[in-house]
Amino acid sequence: MKINPPKRPLQFLRWFCREDYLDEIEGDLMEVFIKQSESSPRKAKWNFGWSVIKYFRPEFIKSFKQHQPNRYGMYKSYFKISIRQLIKNKTFAAINISVLTLGFSCFLLLALYLHDEMSFDMFHRDADRIYRITQHEQQDNGTLRNISSVAPAIGKELREQFPEVEDMVRLSAFGRVTLGNDPTNRTHERALSADANFFTFFDFPLLEGDAKTALQEPFSIVVSERIKEKYFGTGPALGKQIWSGYRREGQPIYLTVSGVMKNFPKNSHLQIDILFSEATWHSLYNNYSQYVTTEWVDTEYTTYLKIKPQSNITSLSARIETLVKSNYPANREFRSSFTLQPLREIHTNSSQLESAAEQFNANSIKPFYLYTFAALGLVLLITACLNYMNLATAVAIKRTREIGTRKTLGAPKTQMVAQFIIDSMLFTLLSFLLSIALVYLVLPWINIFTNKEISIGALPLEWLMLVTAIILFVGVLAALYPAFIATRVAIVDALKREVKIGGSSLSVRKGLLIIQFAISVMMIASTLVIYQQLNYLRNKDLGFSHENLVVIDVNSRNLRRNFETVKTEFGKPAEVLRVTASTRVPGEWKSFPVATTKSNQNIIGTETIFVGIDRDFLDTYKIKLLAGRTIENPVADSLKIVVTQLAAQQLGLADPIGQMIEIPRVRYGERMEELDTPFRVEIIGVVENFHFESLRSKQMPVIFGALNTSIQVIDYYTLQINTSNWGNTVETLKAINHKLDPDTPLEYTFLDTRFEEMYLADTRRGQIFVVLSVIVVIIASLGLFALVSYSVESRLKEIGVRKVMGASVSSIVGLISKEFLILVIIAGAIGLPVAGYFMQGWLQEFAYHIPFGVLVFAEALIITLLIAFITIGIRTIRAAMLNPVNSLRSE
Amino acid sequence: MKNYQLGEFEEIVLLTVGILNNEAYSVAIKDEIESRLKRTVSMGALHTALIRLEDKGYLKSFSGESTEDRAGRPRRYFEITALGKKAMLYAKETREQLWKAIPKAVLEVSLQKLAVGSHQ
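Chains H and S, in that order, give the protein sequences. For what it's worth, our numbering labels the leading residue of the first sequence as 1, then goes sequentially. For what it's worth, our numbering labels the leading residue of the second sequence as 1001, then goes sequentially.
Calculated directly from the structure, the hints in this document are not laboratory data. As the structure is a prediction and not an experimental result, all values here were calculated from the model. Hints are not guaranteed to be accurate.
To be verified - Subject to a maximum C-alpha distance of 16 Å in a straight line, what follows is the list of computed EDC-like cross-link-like pairs (lysine to aspartate or glutamate):
no., chain 1, residue 1, chain 2, residue 2
1, H, Lys35, S, Asp1031
2, H, Lys35, S, Glu1032
3, S, Lys1056, H, Glu59
Next comes chain H alone, as it looks inside the complex (with noise of 0.2 Å):
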């Protein structure tokens, strides 16, 4: 009988004995054991496990260092390989870097664009304390009047009665000052005034002057770098005096420069030049201190507050509405609810909200737009890698023999994945090492293209890691699908060459194909509609002429009074063909007066927008008389006025000439002033419609009247010119209103230029638009060019053969191109649809806009279908006219 050893010492034993002692040891228990199991089969078994266990000491232990043989001459060879492949198939690897660096630089550059936008204000230390207090009234039409101001009395009484505010500080917004030691050279300049803590409060550096003492003296102002240079050079400016627009007791008022800021960063929402001190205000109006103290109504403070942490904002914001309430004057009734408006969200999240002025959220932009950039960046970053993988799926089939030849050798799969992302990796470092060096060179341009001061260097560790993980990530991921594609195919077929792109490959590839197109053709549908809409606006008949029309601004009372004679000078050179005075002129951008106007018919009162004019309005902005006749003399025609046909036809007068009309109250932007005595007019003349803002509002009623009604006085010369030396003619003119007022500076614009300027940022949208579709375009292209390339490379025997068997050129170009262009055709089915939708919405915030039809898709489709042809024909025929010998002989 044969007795075993007991199993599990042995198995022990030969685990961790050292393999050259091993024989001997087992032979030696072996016959130990042999030996003892003879008297005692028990004892022996025991004493065996005993001796193994007394063999583990470190001389018989065998080392467990993993013994591993050196891949690195492997990896060298992946290396190796993937450089010869990407010069094997230039093409290819041209097609495949620009793509990626395409997408990449994209991707880089929207990032960089939403990092900047949403870096607004967040340079203040406090940023995340800070609050702007917004105001929201019910109006009479039950819509809400949002505003980002509110009345002086708020925010002191706040800081005072409420513990958690901490700070606060106020800004108003006066307008402008006129401003300059040289008489000669004055400029009007906006400014604001604020509370005596706004530096301590942002964080707002000072170049020159003490933070906490700026604003504290009246008549003393902060002013920017800029302005600084343009009135005292480059020396310091600390203490300098200047002359300002402002009189007290018939002398000018010369300011103090207390303090000299850094030029605000691009990314703040406020962005000031002139600060003046409040004190200036209390100084020289009496009243002021009473009135900041106790008006509870107004609306000319932007206010802002800095909470201590972990408070509730929301109901704090409650008990800002009830103390308001409180204080609200009897006589008014109180509509009005408060926010707290953080900081952060000021600039992406101010649209809706009316402010005070322009220096207050500056360059605001709609939330929309930004989640329509970081789309856009993640499709185009997305289509750049679908087209690599398209690519590089079509390549590394091509590569299959040395897929063979690899896996014969005993290479295991993943090792075959690893060099395929190895490959993949070359192509994805190297085209975004290209696409850093492309958004280097391409930011100065994009900087005044968009007026940002965007830089690499600015982007947080953060984001700049985040940016490169998701661009190394999808790239690798886009390097996974051919990996698998290509290591996936049975050896003996990739020995044979026999592996043709697989039935589901293939689809998959078509199917990334349509997408790519189909995001070609949405981008295209969108650029047409956003030209031809831009076009629109610019062509459409506004119902008057704003060419070779220069607006005079009136600042001053010297060209207020006598409008006959100022009118009469500005008529004198020979360019100038009319001039006509008026309180509004179309295009305004001032607020203009909303005046009710109730009729016989009409008792409740319809909105119209008032404008006073001279005998020559009308004629200087070809508005078309239709019925009656316009005002002629201020004095006699004071009680009369000149409807438009909407007005007439909102007031249900049939037969408005004659017919009495009367106003009772004026809405001045913000402000209804219920007019004294009922302003009561005839009607003695009716104009056709025209526009007096952007067509981005509807078209509203106009009345006018004369020029020195209670309603509103002169604010502007209107001179219509004929002129080929502009540069002259300003001259001419800045001289004639030196003469006239020697004080004030001539402040004048080219109404052309103002329409212009109204749709400029829809302009520059389309711009952008324009330039990201020609990428998405040409990367779709590519994409195209690479697969059709790979279809026909593949296919060559059988274009060979056609062309023996008799097939033209034509008919071999139009078989390839025609599976092709069934993708481009699917696409656009899938793309315009959501083109569509995106695009009735932009089109929805114009009043006046282009009718939306199936055109514009027809459009779209066609110009992708002729780029898509043009792509695929240059391939194909070079492929159709090859001679039929050099793709047959090779059997």
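Since chain H is already given, all that's left is putting chain S on it; use the hints.
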């Protein structure tokens, strides 16, 4: 020469290898020591000693025939090298010198004491 280092167990193993002469392999050495010195020897300890002696150059080994009772594993036979013999002699001589150096009285007294102690 003072570099002939030899531990007590190592000396015993070396001597036993000498006794067994040509028949010295692990199990035989173990049995020999156990029967002559009446002490148990663990295989592991013995093996360690053998490896050490070989490393020191006192023993050399060669593979023998494989046998059935060792489940087909070959025996490894040990032989004393010339250096091993010198070391053995050196050890023996140093002992003897030490023995000689001990004063006779010391041994007698202690023996007498032993004798007395045992009688009581």
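Exercise. Which hints from the list above does the structure break, by number from lowest to highest?
Worked result: Failing hints: none at all.
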